[in-house]
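K.L.:
Since each chain comes alone in its own frame, lean on the hints to assemble the complex.
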Amino acid sequence: MRFMLLMIPHGYETAAPGTIPDDVDAVAAMMAYNESMQKAGVLISCDGLHPPSMGARVSFPGRKPKVVDGPFAEAKEVLGGYWIIDVPSRADAIEWATRCPGSENEVIEVRQIQEIADFPPDVQALTTEFASMQAAKKA
Amino acid sequence: MGAPEGRGDKAAIHRTIEAVWRIESARIIATVARMVRDVGLAEELAQDALVSALEQWPGAGVPDNPAAWLTAVAKRRALDRLRHGQLAERKAPEIGRELDAQHEMAQADFAEAVDAALDDDIGDDLLRLVFTACHPVLSTDARVALTLRLMGGLATDEIARAFLVPEATVAQRIVRAKRTLLEARVPFEVPRRHDLEARLASVLEVLYLIFNEGYSATAGDDWMRPALCEEAMRLGRIVAELMPDASEVHGLVALMEIQASRTAARVGASGEPVLLLEQNRARWDQMLIRRGLAGLARAEALGGAFGPYALQAAIAACHGRARTADDTDWPRIAALYDALAELSPSPIVELNRAVALSMAFGPAAGLEVVDALMGEPALQAYHLLPAVRGDLLLKLGRRDEARREFDRAASLTRNTRERTLLLARARACAASES
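Chains as they are written, first to last, in full-length UniProt numbering: chain D, 1 to 139; chain C, 1 to 434.
Okay, chain C solo, but in the shape it has when bound (with noise of 0.2 Å):
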């Protein structure tokens, strides 16, 4: 046992603790639901050992490796709990072996138990969690909320903030979801190969949920709701070191790295949203767009056909990419549209398939495919397919027409700075027919 310097007073301790547990919940949660096979027990056995530690850490100090500390509490836990229960009989002896083993790791040197941690055994109890927690018995809300909860090691307070819902509101769909779990008798496995792909599917489309509930905020605690979109990507690239031949894994990390990047050019100084074109490409994180381009190569190295994450975030690349908006390289960026309208197809992606052909081949043809949009019935309140139809007819001359559009656009969107822009774009219109 050993308290370093500067970790001795109470609320350093505490401080560490609560890192020691965001670095290492996830996988104790993992490796004791392989033992209970059930996410709910698991979670609460990693919660006794994180409370045994509260207890004994300030006294004792923080042990040489916390990790297998807490492992080991977790799992005596869980063997206490098997053996007065019912699968005791079966499973005892197994984990106790399992529990010996995990006694001499608490003592063994620091190489030996990384080593040990990095055994494929933990990645697949992490894997298993993931596909746990996003298993499509539950709903969206819920996978969300046990995602953060039990591969974030966020507090459910943390996750209410985020996504400013109230705390009740968490804590239940939580609850929820673990007992949805145990009642559906979800095993807890990585799926097999043919259920794969519909699987990963549904644990991709939670981390990027978690991402754009994250990006697209325009309310709330601004110091959370960037945690949010950090917290995604770090779940992104523990999904991806666990399954490196996926390349849509590394597809969304990439694109969620690179629309990152242009976090802080997004808003002006007023607060106002600013659009891509018109952002200080300066302030673009480079840092991120590097990362966002290793990922893509990655995903490309892999070869096979893109899947849509991956064609997102090869468009987000054409634009991290150019240096200034004029060195965009729009017919890429178009044929890179019409390959996502393929596999992808919704009225969305269409309308921005649009304005690529406009911007790569003119006006004209980009309106041929917002036209045939127009009876689209889920657009019909999209305030985007106007304002969009508009510019692209002021741009052909066709004022008259384009200033309907735009008046039509103002009366659609519900954001008042929005609205201002596009009467003032309407304005314009009438002006110059006179």
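Just chain D, with the same shape it has in the complex (with noise of 0.2 Å):
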């Protein structure tokens, strides 16, 4: 089953545009720990994200979208990466988790990723574009 691996680093909500790990050692510390899910095959992808401050949020009020360029004052915790493994088992994720070299101001939040096959069969035959969707998107 796979699972996203959320990397929540507190006060990334107001980082200054552009700001990029600088950390030498720390960086160095995260790549060994990005190696070492690789070479155990659980590895499928992990990104980092630019910080809030150069993002936008789209909401809804009224069902009508509106677009607010970051910072945003309100936030609280923001997505700083994320991995995504293939493992077992729930517990084998949060373990993995466990062994991330982070920091003090961070959180990892263990998420598992829905498959079509969780859906009941109804909703499943709604979804049934959905791969391909994926595969538009990324392609």
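There is no bait here: all hints are sound.
The calculated lysine to aspartate or glutamate pairs, modelled on EDC-like cross-linking and capped at a C-alpha distance of 16 Å, are:
{"no.": "1", "chain 1": "D", "residue 1": "Lys-39", "chain 2": "C", "residue 2": "Asp-245"}
{"no.": "2", "chain 1": "D", "residue 1": "Lys-39", "chain 2": "C", "residue 2": "Asp-124"}
{"no.": "3", "chain 1": "D", "residue 1": "Lys-76", "chain 2": "D", "residue 2": "Glu-109"}
{"no.": "4", "chain 1": "C", "residue 1": "Lys-395", "chain 2": "C", "residue 2": "Glu-368"}
{"no.": "5", "chain 1": "D", "residue 1": "Lys-76", "chain 2": "D", "residue 2": "Glu-106"}
{"no.": "6", "chain 1": "D", "residue 1": "Lys-39", "chain 2": "C", "residue 2": "Glu-241"}
{"no.": "7", "chain 1": "C", "residue 1": "Lys-10", "chain 2": "C", "residue 2": "Glu-55"}
Rather than coming from a laboratory, the hints here were simulated on the basis of the structure.
P.N.:
Now the structure itself:
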């Protein structure tokens, strides 16, 4: 089963645009961690995200889209990056998360990725195009 | 020592230990096997460490670096064993030093521990373990069981469930395999250059067997069987990381990933098998296809000619890339089958080549190859040979001959659904004749 490990670094919600990890030791440790997952055959993909100050939020007050550029005043926690791993159980995913060389301000949220097979049959029927949508997006 | 919140209760700690074991067991066994030169003993010692964890962690909490803890305990047991054994004098000081280093590592911070865990020694040890578990001195069944046991951290009962055989059978295979390795004095090593290719083929064969056992299953527990495919892919990715320059390893992983991408589409609503060209491609797992294509590109980038796995992956990739069945690049598939038939000729490859040729260049081109196969002893009872021939004859308008082939194919298949389908096709030929 696939899991997403969501890295939530406290303070990242106010990070200046262009903020990039620059602590060589921390990055090296993180790369070693990534490599350990790759060598265990469980790593599917991983990415870091630019701070929210470079992003935008689209909300739907009154069901009408409204665009707000970052940084977002009310944001308490934001995503800094993620890993997608393929492991046999939730406990395995949590165990991998505990091995991350995270710093004090970071939290990793472990979330299972929905597979089409998880949906009831009638819902599955509605999602048959989902895989090709995923393909189109990434193509 | 720290017991992270939410992992405090006993059941949770047991789940954690199970997860740690799955992640670490192969490395621990490999490390200890290098010390004691005996995979059977190494596994026993690693299991002792696991038992210690089961005894101590529920009370003391999960250590900050569980891998180092388990490794240190397993090494200490190994040292005790060696001290009492004949090898003690020669090896003990060396192992003692390693053990001290291990203790230091256990207390160092995590980054260093990961660095240490990633050093080449451990990678080499894992590779030695793969090659030892897949040693040709063992029967194929034994290689499969031992690989899943030592590399996958699967328990004997899990392997037995996956292969639908009694647990006692698997247990015996594993015990015998370990004894055979010991008695044959199989060295715990990665084979040298000239042997490497032949031995690597054995490793890849074992991984593909594990995969196919899960993929081709039509019976059994539907939870464990897909798990076998996943396990084979995971083990393949490990070997690919350990031997990044071996293009066939990337080829095999790509082949498994692209085939696995079709899992959800291979079975219809009432459990009937759905043929590749009739599958709902929207149900193919695009992530696996992308990974497979990337693996194939990696194999390609290494240069040289493709081996049989990479060639099969390239064929699978042609289907994976086609958004509809009509988009399939049949001339390329036919060319890839030509190459495969040359590299590893077999009647089955030849039959597949015939189908590809007919799709690319018309039924007559395929029929020529199929006709040449008719005398092939290995295919005398193989229902797909008359089924394919019937299909090609029908496309050529030779209905009477086609009907006889469909009837013959129906008499050869043991699958009820398939027989019904073939008889219907035979009837259709007869009906349109009159």
